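Chemist: Sequence:
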Amino acid sequence: MVSSGHFERVAELFAAAVDLPADQRTSYLSQRCGDDAELRREVEELIVLDERAPLQKRIGALDDQLGQLAVGVTSHADALPPGAQIGGYRILGELGRGGMGIVYRAEQAQPRRTVALKLIRSVLDDRLLRRFEQEAEVLGLLHHPGIAQIFEASTARTHDQSAPFFAMELVEGEVLTEFATRRSLDINDRVRLLVAIGDALQHAHQKGVIHRDLKPANVLVTREGQPKILDFGVARATDADLRGATLQTDAWQILGTLAYMSPEQVRGEPKGIDTRSDVYALGVVAYELLTGELPYEVGGSLPEAARVITEREPVRLGNRSRLFRGDLETIIGKALQKDRRMRYASASEFVADLQRFLHHEPIEARNPSTIYQLEKFARRHRGLVTGLLIAVLILVGAVIGMTHLMLRAVDAEQAATQLAREEETQRRDAERSRDIAAAVNEFLHRMLGAPDPWQENELARHDVTVAAVLDSAATELDDGFDELDDVQAEIRTTLGATYLGIGEFRKAVEQLARAHELQQELHGERSKKAAVVLRSLIEATVKAGDLDRAEELSRELVPLHAEVMGPGAEETLLARFARLEVMFAHNALDDAAAFARETLDVAEEARGSDDELTVRARGDLGLVLLNLGQLDEAEALQREALAACRARYEDPHPHTLAVLNSLTGTLWRKGRAAEAEEVARELVAGRTELLGPGHAQTLNALNGLIVFLNSRRAYDESDRLRAEQLTAARVNLGDEHPLTLSFRHNAANTLWRRRRLDQAEAECTAVVAARLRVLPAGHEQILLSQELLGLIQRDQGRPAEAEATLRQAAETARQSMAKDHWLPPWLDVQLARCLADLKRYDEAKALLVAAEAALREKFGAENSRTRSARRALGHLRRRQSK
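For the sequence shown, our numbering gives the first residue as 170, with consecutive numbering after it.
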């Protein structure tokens, strides 16, 4: 049997001999090995392997011995029974076992408290004893809420031997990763845990202590959410004079847990192990905490594991989930650099970048390029930055164009006196346009701080965003912008349009409303500039959920555009699309269908059947017909529009994706679930590539795919996508954004359908309360959430509560919605079912008869809602007859 002492002796001699010149090794080994021929043979074999192969072969020679060593090491002392006494401590029970001993729950007499008592193995050589003394010494230096505190270190008699022990703070908590999983922590909450751990680690480093075995199992999180680092038992004091001991690990001694070891630890480089080794381990912990996976698979033999850790690049964090692309991926990637010189120099630097991520500030892990500063001024996707750049280019183009006009005007003055006054006006207009463009350009340039946004070619990134630069620009405008009103109007229009693109709808409304006021003051209420801004304002108002205001603003939108620009002009058609969106949002589907057909006719007559605006009009009509249940005509129009888009644009393109979005709904309604899921996957992939994973439209596309997956019980994938969707929505949009609440409503609906009724009720109750806070009274989404809550209450066996919930929703719907809206009779169907449960059959029957007739008139006899009402009526009659 191979003993630990023998193995350490081989490793020690090899480490010393391998660095000697070949002519000195023989005498060195003769002197150190003496008559032990077996010891000398093993060392010489390792030296030969070292000369033939790199590190992995060198470790490979030790691998077999390591396996034998695992058998030969002295086992733990027999566990002590409850009630046994160790020093001033009474054993209460065993907590766990580790490489150096057994950890007990114990009670201390003075002061009276419960502690964790670590009893070291009863058989100790000098090395292990030194390590015990080291652990007690270094832990005694550490006083931090994130580090388990040591109380006492001593020795006691047990099993007729002297056994070292120490007593330390008993941490009641969960392992880091288990805590995060059980509480379903979002990304930001997990990052906050990492900040707390890094802060505690920095404290230890400042005291001269390196942990060297940091892993999730060595971090417990209390019920209050405070992480505490345990087990500095393999820590090394950076203070070489600590108690005069030489505490460096011998070459090739493998301490800690392999998967979390830094490359320098795996290579056995004592002089290379410093605080940056802990930074690497914290990077692995962070990776696992965020993704549930390790950065690479570490298994098989020791040489293979060493090769993976020292040579293979970890799987990029963003490849695990789109949510981690960008700063988080960069921060963790820097912590996991194999060259420790490329890592963060300290845990505090790592923590500082994590905090910058949480506060949406520029991180230090990369050079602050111009386009990167733009990214940090914001929060979402590359298309938005492109939008700002295009705005700048357009303005610069305007300068060039207007300058050209000015020069032509100057030349014309010499040619014809009668045109002098007109030419002078053109020149002044050109100068004015140039001044406005220059002022806007200078403002945007100042906010972006950009010498050359193309130099690092980062526009290909999906997570390049602009939200924070917009906030900063808006603040500067509000604090007293000293440029002319027309300059301010242009800037506010640009800011509002970009806010709209990134899903910050309320901020978009604020900027566009002010820009519209300025354009009306400057150019008149029925001017072209005022009309163009009004269209954007209406779009933002719809998306912000203020449908009544959007309806009011949009009534004169199309007549105004037709008057100013002509009925077939591009701007007028865009105004028609905005008006159609308002009608659709108000669920005025019959009126919307007639208006959409008229828009398609206007577009075809003015621009031809293949024009992009005609294609869009065709797709919009298909979407309205889908919602009216006219599925065959809807699909035909959508297929026609899709073919035109694919012929005209490269994938992915916004128009193509819009058609795919409506086509998924049509295929689903027609019962072609497999085709619908295939189209939905294409839609998600396209929006992710075009807009980024956290954009509102991408998250909305995920919704359809999740529905399709749930329909075929593919719950593993649907649950994963739902968790990603909710996390991204909360981070990017906020907990009570209308879209986030829609996703939460859908999650509650899924829980209900999967019969997780308590969870479904809790989530749905929260959604109802939030929607009542953020949406106008009587909004359809509030009523739908109240309907779901009533259905959950009914399935929980509480029909009276369900009746009250559904009755309130039905009465509100009748008061707030058009007489022919489908929702009031549908809510009556659900209410009637509760009344039937309460055996109030006559009341239930009256509601069902009226509701079935209304739904049949609205949708036809074979519509799913009509059939559902008919089935409920038949079921009620059977119950009455019994």
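In case anyone wonders, no lab produced these hints; they're calculated from the structure. All of these numbers come straight from a predicted model, not from anything done at the bench. Some hints here could point you the wrong way.
[As the list claims (entries may be wrong)] Pairs of lysine-lysine, DSS-like flavour, derived with a Cα cap of 30 Å:
#, residue 1, residue 2
1, 1014, 1027
2, 839, 698
3, 1014, 988
4, 507, 376
Chemist: Each hint should be assessed against the structure and marked as holding or not.
Modeler: Going down the list of hints, with the structure as the test:
For a cut-off of 30 Å, the pair hint linking residue 1014 to residue 1027 stands: about 20 Å separates their Cα positions. Annotation: proposed proximity of residue 839 to residue 698 is violated, straight-line Cα distance about 44 Å (limit 30 Å). In summary, the hint linking residue 1014 to residue 988 is supported, as the alpha carbons are separated by about 21 Å, within the 30 Å threshold. Distance check on the hinted pair: residue 507 and residue 376 sit about 25 Å apart at the alpha-carbon level, within 30 Å; holds.
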